[in-house]
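Required output: the full structure, derived from the provided sequences and hints.
This is what each chain is made of:
Protein chains: 2
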Amino acid sequence: MTIGVMGGGQLGRMLALAGYPLGLDFIFLDRSRSAPAGQIAPLLTAEFTDRGRLAELATRAHVVTFDWENVPVDALRRLGRPIRPSIAALATAQDRAREKQLFERLRIPTTRWRRVGSRRQLAHAVREIGFPGVLKTRRLGYDGKGQAVVRTPVDLDRAWDRLGSAPLLYEEHVPFDCEVSIIGARARRGETAIYPLCLNDHAQGMLRVTRAPYGSARLHASAARYLHRALDHFRYVGVLTIEFFVRAGRLIANEMAPRVHNSGHWTIEGAVTSQFENHVRAVAGLPLGSTRALGHCAMINLIGTVPPRARLLAHPGLHLHEYGKEPRQGRKLGHCTLVAGSPRARDRWVRGLLAELAPDIRIP
Amino acid sequence: MTIGVMGGGQLGRMLALAGYPLGLDFIFLDRSRSAPAGQIAPLLTAEFTDRGRLAELATRAHVVTFDWENVPVDALRRLGRPIRPSIAALATAQDRAREKQLFERLRIPTTRWRRVGSRRQLAHAVREIGFPGVLKTRRLGYDGKGQAVVRTPVDLDRAWDRLGSAPLLYEEHVPFDCEVSIIGARARRGETAIYPLCLNDHAQGMLRVTRAPYGSARLHASAARYLHRALDHFRYVGVLTIEFFVRAGRLIANEMAPRVHNSGHWTIEGAVTSQFENHVRAVAGLPLGSTRALGHCAMINLIGTVPPRARLLAHPGLHLHEYGKEPRQGRKLGHCTLVAGSPRARDRWVRGLLAELAPDIRIP
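Chains as they are written, first to last, in this note's numbering: chain A, 661 to 1024; chain B, 661 to 1024.
It is possible that part of the hints are untrue.
Note that identical chains are pooled: a pair holds if it fits in a single copy or bridges any two copies.
[Unchecked claim] Calculated pairs, SDA-like style, for lysine to any residue (alpha carbon to alpha carbon, straight line, at most 20 angstroms):
1) LYS985 x GLY669
2) LYS985 x ALA953
3) LYS805 x ARG787
4) LYS992 x SER746
5) LYS805 x ASN730
6) LYS985 x PRO769
7) LYS985 x PRO702
8) LYS985 x MET661
These aren't lab readings, by the way, just hints derived from the structure by calculation.
In this text the structure is predicted, and so the values were computed from the model without any measurement.
So, in structure tokens, the structure goes:
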């Protein structure tokens, strides 16, 4: 069976690396010739709307998935192949307003928010929700892009000047204790498998460190319950992620990603079955594997530069994942993972490695 | 860095899958267009002696290794690239007589044996060593091929008729309690990392089941000492395997393999760093990773046929590795692995799965 993947970034690359041992084949479509997946699998290079290349992908693949949530849904519709997860799930995740509505409909707590289509609507939203708030584009936001924190009327003018040309929403800015994510998979027959909750540390809008498992059984159970609702709502097939803020022990949904997620990279070494393998299993119509954690894991993103391999690999127990990308400021080039015997040993390791790799990053 | 690999079988395929996350690239040379590594990496298809293809491999690779011990050493010499492990180690493993001499020189206990170049020398060897014995070709034997057990003068005639056209050796047939193997790596700077001892069960001359870790600390220490001697002797770079018979608690070396080994496949999920990653790390001049076992592992070879994927993957905790080969009787098509919490849980799992996959195989 050949799985077609729209998008050939590091997520796609890791999907293929997880699927090859299962005897599955892959073909990717990406706009860039140097897409990371292209180094390890056949890659069609074209715009996602290129009819010829889409037809070729459809011919060569039995089923299609995506590694990027901004793939145009019309292109997927045109393929005439099973799309997993569903186009409905993707379309919801592409639009922050639809995503918020879904959270509300499924009784998943989220921030208060208002649609903003004009300067007047923005003023109205601010009157209702107040400062501080966050102005966000409804579409194409990721890694902190397409959003602005607004604390004063001056901020508001600046944010509007920067973002006002696109459909927006304004939401309350939640002072949170920490950020977490829950990742899980649903198979075609409806069985689900949920990974332990992950604790995420960001800097400059990008994920820097994930630690898992995190939090009390109660907190995990809440997050898993919300994730189940979303999985069942879409009759979802594949891996789905929801990110939350935690405030006074309660979860507030921030956003969902209809795909494997950076905060789940630790599962490659840290869980019985990785998020990548479970996504591929689900997409291929196979049973899911165990999501049990194998210890106390940490994942550190390598952003902008990768230290010499030999220096990284000299750290006992460090697992390195390079994505084969050219270094560039602010670019995710790889990650490294450790599976420790205790949260304390893990955190000591993270602090030591961060001091070496990214002295500006501190973890609580 | 690009690693050239002579031979593109399942071992090569798993080397590439282990090396990609380190950011390494691969190129393979194999005689078969359908070599398993060719599905996931660039593959040159030619005889191993094809000068044009060897030159191309040398141009595209920074360093060369092999996944098969019968690669012609002359071809490697011609490449003009660093060969790791060394040609000397490969040449020794290609000739059972040189291998036996090495074991003797390094005081690694082995069976008594005699070179056999003629019918008369065979009669002489049998007089000295007696029945039962094993007549083996010095070269190109694997998976029980190129050898015959000899218990009577009639057996002897038959074995001679079958094998006598090639250089041979005759060795005593050791009644053993079990078969084990030790696998370890040596890096360019001389550091070594040795995996726990593995217990191997064979049928029809082929490995069927490996379980690890196996045996007492004393037995592991003996095997590791012998492996160290061989690693140091060759100033070896990469993974080396020695197979032993165990008789009354003592090790008797059977043969060595200058490469990753079927009995080490469990290390993909069952050790901190797999044998494949450690081989690639050594070949690329990188530090070695930890060889610590993560539990009690079993590996079952899938030979001749592979049951439906969905049926296999429905077994909780089962890890599947398919090699992308066409099914054929007696062919290694894949393997599956389990990491259990205890030897007992592991053995129960192995027995259950064998009853389903290969009812003819029983493990002690």
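Hints, verified against the model:
In this homomeric assembly, LYS985 and GLY669 come within 20 angstroms of each other (Cα to Cα) only inside a single copy, at 9 angstroms, whereas the closest approach across copies is 28 angstroms. With identical chains, the CA atoms of LYS985 and ALA953 are never at most 20 angstroms apart, being 29 angstroms at best within one copy and 32 angstroms at best between copies. Proximity of LYS805 to ARG787 under the C-alpha cut-off of 20 angstroms is found in neither arrangement, the shortest distances being 25 angstroms within a copy and 83 angstroms between copies. For a Cα distance limit of 20 angstroms, the shortest separation of LYS992 from SER746 qualifies neither inside one copy, at 27 angstroms, nor across copies, at 37 angstroms.
When the C-alpha separation of LYS805 and ASN730 is checked against a cutoff of 20 angstroms, the pair qualifies only within one copy, where the shortest distance is 13 angstroms, while the shortest distance between copies is 55 angstroms. Taking the shortest Cα distances, LYS985 and PRO769 never come within 20 angstroms of each other, neither inside one copy (37 angstroms) nor across copies (50 angstroms). For a Cα distance limit of 20 angstroms, the shortest separation of LYS985 from PRO702 qualifies both inside one copy, at 17 angstroms, and across copies, at 19 angstroms. In this assembly of identical chains, LYS985 and MET661 lie within 20 angstroms of each other by CA distance solely across copies; the values are 14 angstroms between and 28 angstroms within a copy.
Of the hints listed earlier, those the structure fails to meet are numbers 2, 3, 4 and 6, in rising order.
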